[in-house]
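Protein sequences appear in the order of chains X and E.
The opening position of the first sequence corresponds to residue 1 in the working numbering, with each subsequent residue numbered one higher.
The opening position of the second sequence corresponds to residue 1 in the working numbering, with each subsequent residue numbered one higher.
Among these hints, one or two may not hold up.
Claimed, not checked - List of simulated lysine to aspartate or glutamate pairs, DMTMM-like, C-alpha gap at most 20 Å:
(1) X:Lys49 with E:Asp38
(2) X:Lys102 with E:Glu102
(3) X:Lys24 with X:Asp8
Because the hints were derived from the structure by calculation, they are not lab data.
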Amino acid sequence: AQSVTQPDARVTVSEGASLQLRCKYSYSGTPYLFWYVQYPRQGLQLLLKYYSGDPVVQGVNGFEAEFIKSNSSFHLRKASVHWSDSAVYFCAVSMATGGNNKLTFGQGTVLSVIP
Amino acid sequence: EAAVTQSPRSKVAVTGGKVTLSCHQTNNHDYMYWYRQDTGHGLRLIHYSYVADSTEKGDIPDGYKASRPSQENFSLILELASLSQTAVYFCASSDVWGAYAEQFFGPGTRLTVL
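Chain E extracted, bound-state conformation (with noise of 0.2 Å):
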């Protein structure tokens, strides 16, 4: 069955370190999304990709750095984590491009920030 996967499902980390998270589609899709929940806010763009070993900023990127190693594999890199990362972090793939397009979502990381 076709899915989008996400490690970890929950990190802790410390103020300053790095921290990277995971995503993994089966769906044979071309595009990928990073977003970021916020306790009572709705999902905002971080990052997004449309082919491997490129990427495009979405509308808060600041802090964040993405990798698209493989159509299959999309990564959300925190070079230096802050506590006003600690949120809820949502991959997502679509095969195509245009606003009508239904996205396929991976569970979540809880990201927490100390």
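In isolation and in its complexed conformation, chain X is listed as follows (with noise of 0.2 Å):
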């Protein structure tokens, strides 16, 4: 069975800062992947997903994430951070094969971004 894994329950940078948020999964076979980020009294958003080509894909406000095939990762990255990127992200994985739709969330990282 698939799963994800984000081991920084929280993170906390100060604005301007870089930012890496860690997620690895585990699945045997190709794996779509995505990162949502929840705003405080908002739903999740996509923030951006991956499926193959280029393992650095970019999202919006500036985020990218790299996946690693050999480390079964796909890290995060945000080279500035802004006290607005505050807010909960959860990496999620699915599956390439038989058109199943269902994602498999991990546990969430919480970002606090400081003056």
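Take the two lone chains, each set in its own frame, and fit them into one complex as the hints suggest.
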């Protein structure tokens, strides 16, 4: 069965600093990979997704993620964070075969950006 | 603007009582989903639907029913609420069926069962 692990429950960074949120997945096939963000009092919104091609995928608001197959990882990065990036970030994976639309989510990482 | 809305946004229920959570989408999407989130855990799929008047079981359907009376509306029903069902519930929709489909989420309903 597929699974997703986000090892950092909480991350605090200073505004303007760089950011990396970690995500590791367990899946025997070819995964579709996603990062969603949940801002306070809002639903989850898609930041970016990846299936194939360039392993570095660009998302909204300056976020990017890199797929490293050998490490089963899909870490999220941003070069310079802003206070408005404070939110909960979820990594998710779905199966590339069988047309299964089921998303498996990680536990989420709470990002706090301090002035 | 296309959106997924949920009502109520929060609810306190008593053990053994019936709870209905509602979801409405204006995305014109065929597919809708109900997830629950527990503190420190990711979202888990309870039920989903790909057409009106039909629902399917997800990964954790026990203790929950779902109803899809129209394309726009999808309800989650707890016939006999239990303490273990205290969680945040999210509804989502998507326009296609497939592993690469983006899901659009509502803001969530915080349910507390006492």
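Hints violated by the structure (listed by number, smallest first):
Per hint list: single violation, 1.
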